[in-house]
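Chemist: These are the residues of each chain, in order.
2 protein chains.
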Amino acid sequence: METTDKVRVVEKYVEAFANSDMAIIRQMFAGNATVEDPVGTPAHEGLEAVCAFYEGAMKMNATLALTGTPRCAGNAIAFPFQVKMQNMVIDVIDVFEFNDEGKVASMKAYWGPENIQS
Amino acid sequence: METTDKVRVVEKYVEAFANSDMAIIRQMFAGNATVEDPVGTPAHEGLEAVCAFYEGAMKMNATLALTGTPRCAGNAIAFPFQVKMQNMVIDVIDVFEFNDEGKVASMKAYWGPENIQS
Numbered sequence: 019m020e021t022t023d024k025v026r027v028v029e030k031y032v033e034a035f036a037n038s039d040m041a042i043i044r045q046m047f048a049g050n051a052t053v054e055d056p057v058g059t060p061a062h063e064g065l066e067a068v069c070a071f072y073e074g075a076m077k078m079n080a081t082l083a084l085t086g087t088p089r090c091a092g093n094a095i096a097f098p099f100q101v102k103m104q105n106m107v108i109d110v111i112d113v114f115e116f117n118d119e120g121k122v123a124s125m126k127a128y129w130g131p132e133n134i135q136s
Numbered sequence: 019m020e021t022t023d024k025v026r027v028v029e030k031y032v033e034a035f036a037n038s039d040m041a042i043i044r045q046m047f048a049g050n051a052t053v054e055d056p057v058g059t060p061a062h063e064g065l066e067a068v069c070a071f072y073e074g075a076m077k078m079n080a081t082l083a084l085t086g087t088p089r090c091a092g093n094a095i096a097f098p099f100q101v102k103m104q105n106m107v108i109d110v111i112d113v114f115e116f117n118d119e120g121k122v123a124s125m126k127a128y129w130g131p132e133n134i135q136s
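For the record, the sequence lines run as chains A and B. Heads up, the first sequence is in this note's numbering, so the first residue is 19 and it goes up one at a time. Heads up, the second sequence is in this note's numbering, so the first residue is 19 and it goes up one at a time.
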C-alpha cells in the first residue's frame, strides 16, 4: 500500500467527521476491524460495532484537525490531531494498521485525561 | 503505572540522547524489550540488541525534541517529536508500552522517507 493511499485514508477520516459521513467510515474499515479508543479500554470489534462507535462520536459533533504530519511505516500510519467536541479539545495520536486490501484492520487512539482542555 | 511516571520516562529518553547517556537507555528498557524503528523493519530484540541500536544512534549525534504533548493510555505512551541527526530532521511518533515493572517492553517508531527534511 502506497504512502499516499494511507495519507488519503486519514484525510477522508477527517472529512468523515467534518460531514458526519458514515459512508466513509463504513468504506475505510475492514469487516473484522478493531477500534480501541482510548487504548486500554475494551475494543469495538467488527464493522458494525465500529460503525456504532463512530455514529456516537458524530452525534456529539466531534471534528478532527491534524496537528502534525502523518507518519507512515510498514503497514501503519500514525498521526497527531485534535478532537473538538462539545466544549472540549483533546490531543490524540491515532495509529491505523491496514490489511492487504487497504482497509483499516486496527485503530488505536492514544489519549488520556491529561490531554483534555476544557 | 502513573501517567507522570510514563511522561518522566519520555523526558529521560530525550535527556539520554542529549547527553549520550546509555545508562538511561539501559535502565528504562526491559530485559526482553523489543524496538522496531521504523515499524515494518526487523525488531531489535532483548536489552543488549536494543542498547547496541541506541549506541549507534548516539554515535550519529541524534537529538530529540518533542513537538507535542505526550498521550498516555492504558499501558502505553505515544509522543510526537523530531530527531535531528547529521543534516536531517525527521518527524517521528514513538509508542512505548510498559510492563508491570514500569520498564519499556515495546518501542515502535513511526516514520518514513516522507518525514525526512534535509
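There's no promise every hint is true.
For identical chains, the list gives no copy identity; a pair is met inside one copy or between any two copies.
What the hints assert, rightly or not - Within a straight-line C-alpha distance of at most 25 Å, the following computed SDA-like cross-link-like pairs (lysine to any residue) qualify: (1) 77 to 38; (2) 121 to 60; (3) 102 to 118; (4) 121 to 62; (5) 102 to 49; (6) 77 to 23.
The hints are simulated quantities; they were obtained by calculation from the structure and are not laboratory data.
Chemist: Now look at each hint and say whether the structure bears it out.
Modeler: Hints, verified against the model:
Taking the shortest alpha-carbon separations for residue 77 and residue 38, only the intra-copy value of 8 Å comes in at or below 25 Å, while the best inter-copy value is 49 Å. In this assembly of identical chains, residue 121 and residue 60 lie within 25 Å of each other by CA distance both inside one copy and across copies; the values are 21 Å within and 23 Å between. Within a single copy, residue 102 and residue 118 get their C-alpha atoms no closer than 32 Å, and across copies no closer than 33 Å, so neither meets the 25 Å cut-off. In this assembly of identical chains, the alpha carbons of residue 121 and residue 62 lie at most 25 Å apart only when taken from the same copy (16 Å versus 28 Å across copies).
Taking CA atoms no more than 25 Å apart as the test, residue 102 paired with residue 49 passes in neither setting, with 28 Å inside one copy and 40 Å between copies. Taking the shortest Cα distances, residue 77 and residue 23 never come within 25 Å of each other, neither inside one copy (28 Å) nor across copies (35 Å).
When each numbered hint is compared with the structure, violations occur for hints 3, 5 and 6.
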